[in-house]
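Colleague: For reference, the chains in residue letters:
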Amino acid sequence: MLKTGSEIFVECLLKENVKILFGIPGGAVLPIFDKIYEAREKIRFVLTRHEQGAGHMADGYARSTGDVGVCIATSGPGATNLTTALATAYMDSIPVVAFTGQVATHLIGNDAFQEADTTGITRPVTKHNFLVKDVKELARTIREAFYIAKTGRPGPVLVDIPVDVQRAICEFSYPEEIEIRSYKPVYTGHIGQIKKAAELINSSKQPLLYVGGGIISSNASPELLKLAEKIHTPVTTTLLAIGSFPPEHPLNLSMPGMHGNYAANLAFQNCDLIIAIGARFDDRVTGKLSAFAPKAKGGIIHIDIDPTSISKNVSVDIPAVGDAKNVIIELLKHLKKKNNKEWLKKIADWQKTNPFSYKKDNKLRPQYVIDKISEITKGEAIVVTEVGQNQMWAAQFYKAKYPRHFLSSGGLGTMGYGFPAAIGAKIANPQKTVIDIAGDGSIQMNIQELATAVLNNVNVKIVILNNAHLGMVRQWQELFYKRRYSAVCLTKPNGCLPEDASAKRPALMVPDFVKLAESYGAVGLRITKKEEVENTLVKALKIDKVVMMDFIVEEEENVLPMVPAGKALDEIITSLA
Amino acid sequence: MKHTISVLVENKPGVLARIATLFAARGYNIDSLAVGETDDPTTSRMTIVVRGDEKILEQVEKQLNKLVDVIKLNDFMNVDHIERDLVLIKVKADKNTRNEILQIVDIFRAKIIDVSANAVIVEMTGDEDKIQALVNMLKPFGVKEMARTGIIAMARGG
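Protein chains in written order, with the numbering used here: chain C, 4 to 580; chain V, 14 to 171.
Treat each hint with caution, since some may be false.
Not close to chain C: a few residues of chain V, all C-beta gaps over 12 Å, as computed [to be verified]:
1. L21
2. A30
3. D44
4. E50
5. V63
6. Q76
7. D93
8. V100
9. D127
10. T138
11. A168
Each computed DSSO-like pair below joins lysine-lysine, with the alpha-carbon atoms no more than 30 Å apart [said to hold, decoys possible]:
12. V:K105 / C:K187
13. V:K15 / C:K18
14. V:K79 / C:K315
15. C:K198 / V:K124
16. C:K139 / V:K79
17. C:K355 / C:K315
18. V:K85 / C:K136
19. C:K136 / V:K105
20. V:K75 / C:K291
21. C:K136 / C:K229
22. V:K75 / C:K153
23. V:K75 / C:K298
24. V:K124 / V:K105
25. V:K124 / C:K315
26. C:K362 / C:K336
27. C:K315 / V:K105
28. C:K291 / C:K542
29. C:K349 / C:K198
30. V:K85 / C:K198
31. V:K152 / C:K153
If you only want the chain C side, here are some residues facing chain V, beta carbon under 8 Å, derived [as the list claims (entries may be wrong)]:
32. T122
33. P127
34. P297
No lab work stands behind these hints: they were computed from the structure. Keep in mind it's a predicted model, so treat the numbers as computed, not measured. By construction, the Cβ of each residue, glycine as well, lies at the ideal position given by its N, Cα and C atoms.
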């Protein structure tokens, strides 16, 4: 049947089972939006207030479900506004398909109105991208875009569609099978390598499982649990893997790295074998590379679907390229049941000396707020974080019980990610409690999405840990720049003067988050005392509206422990006394 | 170390940029890059000559292999192969020097493909060393212009 490019676009989305689309219209996507209007019963369109918001919503949707998140923007500024969200998804391997309008094909390259070289700009931040210059290519291209986004190591794919292609007409047929000769992801690990890995594991004395986002994208949590229990080995989960291993399990060593758990970092430095699965030895995890895991010489196994991840940062002894779930299932067949009692005893001692902790006094401390969120939700809520201190405290104190329940921008560290991603996650999971843990700096980077949340009845809860600063940068300035607080105070143009530390901040605060929430039609609450925290949270979770909670916390609270940049993992600072 | 990398890619717009970006993003200078369609018009072959740190190059090659448009990649580093480069050299030549130039060209089995009153254009195909030797010989006469295609390469044998 003959169809226009725009009709083909909608048909393809329906074939791909897309139910939600985030975005903003504009001149170069008008034909598509006309068809989106027609298809409004089948595809819900969420109009955001910024394209970056749309991109992060698609990302939050994808992370919380495992399905592809989809967003759309117009040409030029619409497309350039998407790039931060694409880069965020790219760094964390999140399946997102982004569509952008483009000026008509005869105008491409002419500096036409709202023209940008979108495929050129997004090339380094997408897994792949396409410019569709012929309507006959459109259906196949969209099919390939979804296929590439969700297979192999997932990632964002962009499809740029000129406006005349949207109007052009051709015969529509959707390719059911897809075959890309140059793209063949490997899912099963090499059996010889797996057997070698098994031998090494069987003979190790102090092994350590180090797992990353790959466990979540391959839905391998149940297999990971079996593996850890069978070989009686502690598990350290990166920021992106939080929730992939039961938080209260005795083998759980929580997050490693710069603000990681003391015992997890010492485990790296003392283990004789690292079994890395779907983790990429990020510099925030390894610390100083030359001093990383000195006792694991000859004992690094790396399981990853992406061959480029292997031996990129740390040289690997036994690589296995494949899907985490498949490889673990195969590996389990060759493993003996182990007992690493002595090793675990050592780790337990490290755990006891320096667990994640904070001062339990009467002050309103940010960690306490997270502790309470964890307690009240029993770790069953979907927690999304912004970036900075709030993110690290959430990672340390929120005990996410399930995979896909802790969403955070890891690789790119995108401030402004949390709130829109939370909206995307809540739209995907309307029955679940979704909480955005934010700082007063981060939340202001995409605060306009309050309109999107309120108007679409997306009942997310925003917890602002308001310390009046760009907190993480302030912390670095405190520790490494002699407390010369340069451009980190959010309440005064010339910085917060030391004598202001005790001032009553609410009067100085810009914006007044409570009034701001109210102006958008949301509920705003301010919490200044520790004893109000629990009641406020309980109350807020019951309100069937967007609630923005402004917790006025200690200004100079630090994230600890901390491995200073460039130091080895065992040079960890546990207190500043 | 010098690497000659042969990359078979989809013959589509943007592919060259995608490949060049991978090198540029790591601060790598490409010594030469030659591209042309193969016997199959849907594919192109790129021959890239690059020097650099082994570890980074290994990473670049892995990343290249990962690109959706890359069909196959060969590094000829430890492979018996043939390299060819085509050069055009415009040399100053008048009636006093023309004969001498002709002799040199002859020895190198190169060709004169254009003659004018005060210059000739020499064409030669060969590997890098041979081309360099010819250039060295012609330099004293005065090289006015030079253009090279960059190396293309192929492994020997079946």
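Colleague: Going by Cβ atoms, does Q76 (chain V) stay more than 12 Å from chain C at every point?
Modeller: At about 5 Å from chain C, Q76 (chain V) fails to clear the 12 Å cut-off, so the statement is violated.
Colleague: Can the restraint linking K79 (chain V) and K315 (chain C) be considered satisfied, given a maximum Cα separation of 30 Å?
Modeller: Holds: K79 (chain V) and K315 (chain C) sit about 14 Å apart, inside 30 Å.
Colleague: Holds or violated: are the alpha carbons of K139 (chain C) and K79 (chain V) at most 30 Å from each other?
Modeller: 27 Å, holds
Colleague: Next pair to validate is K85 (chain V) with K136 (chain C); report whether the Cα-Cα distance is within 30 Å.
Modeller: Roughly 26 Å separates the two Cα atoms, so the pair holds.
Colleague: Just to be careful, I want the Cα atoms of K355 (chain C) and K315 (chain C) compared with a cutoff of 30 Å; is the pair within it?
Modeller: Violated. K355 (chain C) to K315 (chain C) sits at ~34 Å, over the 30 Å cutoff.
Colleague: Given the hint that K15 (chain V) pairs with K18 (chain C), test it: the Cα-Cα distance must not exceed 30 Å.
Modeller: With Cα atoms ~49 Å apart, K15 (chain V) and K18 (chain C) exceed 30 Å; violated.
Colleague: Given the hint that K105 (chain V) pairs with K187 (chain C), does the C-alpha gap stay at or below 30 Å?
Modeller: 54 Å, violated
Colleague: Can you confirm whether the C-alpha distance between K349 (chain C) and K198 (chain C) stays at or below 30 Å?
Modeller: 29 Å, holds
Colleague: Does K336 (chain C) sit within 30 Å of K362 (chain C), going by the straight-line distance between their CA atoms?
Modeller: 46 Å, violated
Colleague: Test the statement that D93 (chain V) is away from the interface with chain C: the closest C-beta pair must be farther apart than 12 Å.
Modeller: 26 Å, holds
Colleague: Given the hint that K85 (chain V) pairs with K198 (chain C), test it: the Cα-Cα distance must not exceed 30 Å.
Modeller: With a Cα-Cα distance of about 29 Å, the restraint between K85 (chain V) and K198 (chain C) holds, given a limit of 30 Å.
Colleague: A168 (chain V) clear of chain C by more than 12 Å, beta carbon to beta carbon?
Modeller: The assertion about A168 (chain V) holds, with a minimum of 20 Å to chain C.
In terms of the numbered hints stated before, the structure departs from hints 1, 2, 6, 12, 13, 15, 17, 19, 21, 25, 26, 27, 28, 31, 34, listed from lowest to highest.
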